[in-house]
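Assemble the complex: chain A is given as a structure, and chain B must be docked to it using the hints.
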Amino acid sequence: MNTRGITLGLDDGMTQRFRASTDREADLEVRDLVKEYDAFRALDHVDLTVRKGELISLLGPSGCGKTTLLRSIAGLVDPSQGSIRIKGKEILGIAPHQRNVGFVFQSYALFPHMNVRDNVGFGLKMRGEKRSQIGPAVDRALETVKMHHLSHRYPGELSGGQQQRIAIARSIVLNPTLLLLDEPFAALDRALRDHMQMEVKALQRRLGITTLFVTHDQDEALRISDRIAVMNAGRIEQIDSPIGLYQNPRTAFVLNFIGKSNVFSGKILQVGESTTTIDLGGHVIEIPAPANAKLVSGDSAMVSVRPERINANSSPPRAGEMGIPARVSDAVFLGGMMELYLRSGISEQPIVISRQGDDPSSVQEGSEMWLSWQPGDVITFPAATLGAK
Amino acid sequence: MMRSRSKGQWALLAGPGASFMLLAFVAPVTILAASSFVDPGKHLTLAYYWRFFTEPQSISTLWNSLRLASYTTVWAVLLAYPLAYAMASLGSGWRNTILIVTILPLTISVVIRSFGWQILLRNGGPINQSLIALGVIDEPLRLIFSETGVVIGLVHVYLPFMVLPLASAIERIDSRLEEAAMILGASAFKRFIYVVLPLSVPGLAAGATLVFTASISAYVTPALLGGEGVQVMPTMVAQQVLTLMDWSFGSAVSVILTVVSLGVLIIHWGTVARFTNWSSRTEAAKK
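Line by line, the protein sequences give chains A and B.
The opening residue of the first sequence carries number 1 in this note's numbering; numbering runs sequentially from there.
The opening residue of the second sequence carries number 1001 in this note's numbering; numbering runs sequentially from there.
So here's chain A without its partners, still in its complex pose:
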């Protein structure tokens, strides 16, 4: 599957720029954005392009700069250098409310002393719109988020999900070019969160509003995003569709952050025209070559296979077939699927395998199994990039 990662010798941002210019028009272009706080660099030369109507997640651990990036776009943070354009117009140095962005805070930041109507109408009032125009606009926004029946409540009288809808209504009533959401589901309990994610995604599709969304939750990002920008230490490591990131992580960080993976270290034996061979604790495996990383024979390599891509057979391999011996240490039932944990000579960590619709009692703890996978399912990096993580 590594054929998609065509290396042009460009950095991530430039590749992104190249792609963006060939696609739809860009609503948001962030170029070379840097934000420094004393000695700390919160944003380290960030490039990002968001196309019209797209929903992009900024995904990363806390402190990776995702919220700083969002707040820079909204005008709540002044970047140290770089450029941000909305619909081609530079917005750095322009007041937040003139950027035509909507911002939904994690805590929603509804005005507790104003009822739902006054909260939603606040932006229009500040713009100096007439009362006769504010009323119908607020009605439309409240109908969009299905909250019309609670328009005279105060925020404190609403549930978390209802408050969130009001926060969204308060933003979209101003018809923003760009909707920014800062961890909007973090404060909700699990069941409500799943529901609100789908609802926000549906709303975003229906309104066609370009949306940038910050989260530290990979499941959430995978569920609702058109594309995900994975951030780490102030940089965007990779921007791709959810499936692209999962199947083609370009860095070890992305590999580890998106989905589970088994990581083994091996030695590169030979880099050939069509295949590369790697020694994995005495077992020689093949991967398609050249992979997405520059591999040099003799170097150490990091080899990764996703849990659902590993087969475990209870019978030994026939001659010439792949089969790494392992012993079952645990079997976990997870509803629709189960996870097997196995010990093997090729890694110190247990190897995780997931299987659909299997019964854990069919697997005996301590029984021996033989592991195999397709060469194309292997993700490989030079070991140096692992150390850099």
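These aren't lab readings, by the way, just hints derived from the structure by calculation.
Hints should not be assumed to be uniformly reliable.
Pair by pair, the computed Cβ-Cβ distance ranges are [what the hints assert, rightly or not]:
hint	chain 1	residue 1	chain 2	residue 2	range
1	B	1174	A	202	51 to 59 Å
2	B	1011	A	190	38 to 46 Å
3	B	1174	A	205	28 to 36 Å
4	A	161	B	1093	57 to 65 Å
5	A	152	B	1174	21 to 29 Å
6	B	1033	A	149	48 to 56 Å
7	B	1190	A	90	23 to 31 Å
8	B	1016	A	149	29 to 37 Å
9	B	1016	A	131	43 to 51 Å
10	A	131	B	1265	30 to 38 Å
11	B	1011	A	192	40 to 48 Å
12	B	1112	A	61	55 to 63 Å
Below, simulated BS3-like cross-link-like pairs (lysine-lysine); rule was C-alpha separation at most 30 Å, straight line [what the hints assert, rightly or not]:
hint	chain 1	residue 1	chain 2	residue 2
13	A	146	A	130
14	A	130	A	87
15	B	1007	A	125
16	A	89	B	1190
17	B	1190	A	87
18	B	1190	A	130
19	A	52	A	125
20	A	146	B	1287
21	A	52	A	87
22	A	89	A	52
23	B	1286	A	146
For each residue, glycine too, the CB sits at the ideal point set by N, CA and C.
Same frame as chain A, now just chain B:
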């Protein structure tokens, strides 16, 4: 929310403090109130109240008190808001500096401070001299033994009681509310008017109550900075009781002062309750 103690245990904890406050308030007020209705011949009478409300000088003293306490409260609010806003918004270093500057005068006796103001405010004092030197005025302003002097002194004494509750109310306002208002197009002034001001009303109310009740019943500052010319209710009580030995009339004046300040407070809290209607509804929803 109730912690895991019975009501009896809480009563035991609150008992000593509450009964001290109650006794120290109820006993003198009862004695005062009683003596205001009794003449030297031990007969029940309303004559002292009749005298107060028919004597023009008494009525004007009551107005003086209400006016000076109101001015003091208004000036304290105007001076305290910027201070409290700065305290709530600045880093802890500046915050503490403002706090110390605000609280430090509290450590010095009101008597000493009043003598200090006498020196500063008198006709040949540094304030009048500098104003004359700068050409702002030709004749010295009558800053002392005037209402102006009393208000200056009272604001100085009671400003901390306005700043502290106000700052703590403003600090409790989520800074993201101001950010949200900014993104929605509210200027700094409008953010103050629509977000900070309404949300700080509880602190404002608490501070205003403290300043108003304290300044309407203040004795030292009006006595030292107002002099003969500015008669207020507490100085009138002192004069009746200490100089003229008229305990009954002095008691009636005290009772009137207490009732009037309670009345002002009730009106005040009624107004505040209307502005913080959202808060009680929010509290009710949490239950």
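Here is what the structure says about each hint:
At roughly 29 Å, the beta-carbon separation of residue 1174 (chain B) and residue 202 (chain A) lies outside the given 51 to 59 Å, and the hint is violated. Between residue 1011 (chain B) and residue 190 (chain A) the CB atoms are about 43 Å apart, so this pair conforms to the stated range of 38 to 46 Å. Separation of residue 1174 (chain B) from residue 205 (chain A) is about 31 Å and conforms to the stated range, judged on CB atoms against 28 to 36 Å. As the Cβ distance of residue 161 (chain A) to residue 1093 (chain B) is approximately 41 Å, the hint placing it in 57 to 65 Å is violated.
Checking the proposed 21 to 29 Å range against residue 152 (chain A) and residue 1174 (chain B) shows it holds: the Cβ atoms sit about 23 Å from each other. In this structure the supplied range 48 to 56 Å holds for residue 1033 (chain B) paired with residue 149 (chain A), their Cβ-Cβ distance being about 55 Å. At about 26 Å, the CB distance of residue 1190 (chain B) to residue 90 (chain A) agrees with the hint of 23 to 31 Å. Judged by the Cβ atoms, the range 29 to 37 Å given for residue 1016 (chain B) and residue 149 (chain A) is violated: they are separated by roughly 52 Å.
Between residue 1016 (chain B) and residue 131 (chain A) the C-beta distance comes to about 57 Å, which lies outside the given range of 43 to 51 Å. In this structure the hint that residue 131 (chain A) and residue 1265 (chain B) lie 30 to 38 Å apart at CB holds, the actual value being about 36 Å. A beta carbon spacing of about 42 Å between residue 1011 (chain B) and residue 192 (chain A) agrees with the range 40 to 48 Å that was offered as a hint. Against the hinted window of 55 to 63 Å, the Cβ-Cβ separation of residue 1112 (chain B) and residue 61 (chain A) comes to about 59 Å, which satisfies the hint.
Of the pairs offered as hints, the one joining residue 146 (chain A) and residue 130 (chain A) holds, with about 24 Å between alpha carbons and a cut-off of 30 Å not exceeded. Between the alpha carbons of residue 130 (chain A) and residue 87 (chain A) the distance comes to roughly 28 Å, so the proposed pair stays at or under 30 Å and holds. For the hint pairing residue 1007 (chain B) with residue 125 (chain A), the CA-to-CA distance comes to about 49 Å; that exceeds 30 Å, so the pair is violated. The suggested pairing of residue 89 (chain A) with residue 1190 (chain B) holds, with an alpha-carbon distance near 27 Å, which does not exceed 30 Å.
Distance check on the hinted pair: residue 1190 (chain B) and residue 87 (chain A) sit about 29 Å apart at the alpha-carbon level, within 30 Å; holds. This hinted pair checks out: residue 1190 (chain B) and residue 130 (chain A) have alpha carbons roughly 17 Å apart, not beyond 30 Å. Our distance criterion of 30 Å between C-alpha atoms is met by residue 52 (chain A) and residue 125 (chain A), whose separation comes to about 28 Å. Straight-line distance between C-alpha atoms of residue 146 (chain A) and residue 1287 (chain B) comes to about 25 Å, which keeps the hinted pair within the 30 Å bound.
The straight-line distance between the Cα atoms of residue 52 (chain A) and residue 87 (chain A) is roughly 9 Å, inside the 30 Å bound, and the hint therefore holds. Restraint check for residue 89 (chain A) and residue 52 (chain A): the C-alpha separation of about 14 Å stays at or below 30 Å, so the hint holds. The straight-line distance between the Cα atoms of residue 1286 (chain B) and residue 146 (chain A) is roughly 23 Å, inside the 30 Å bound, and the hint therefore holds.
The structure shown violates the earlier hints numbered 1, 4, 8, 9 and 15.
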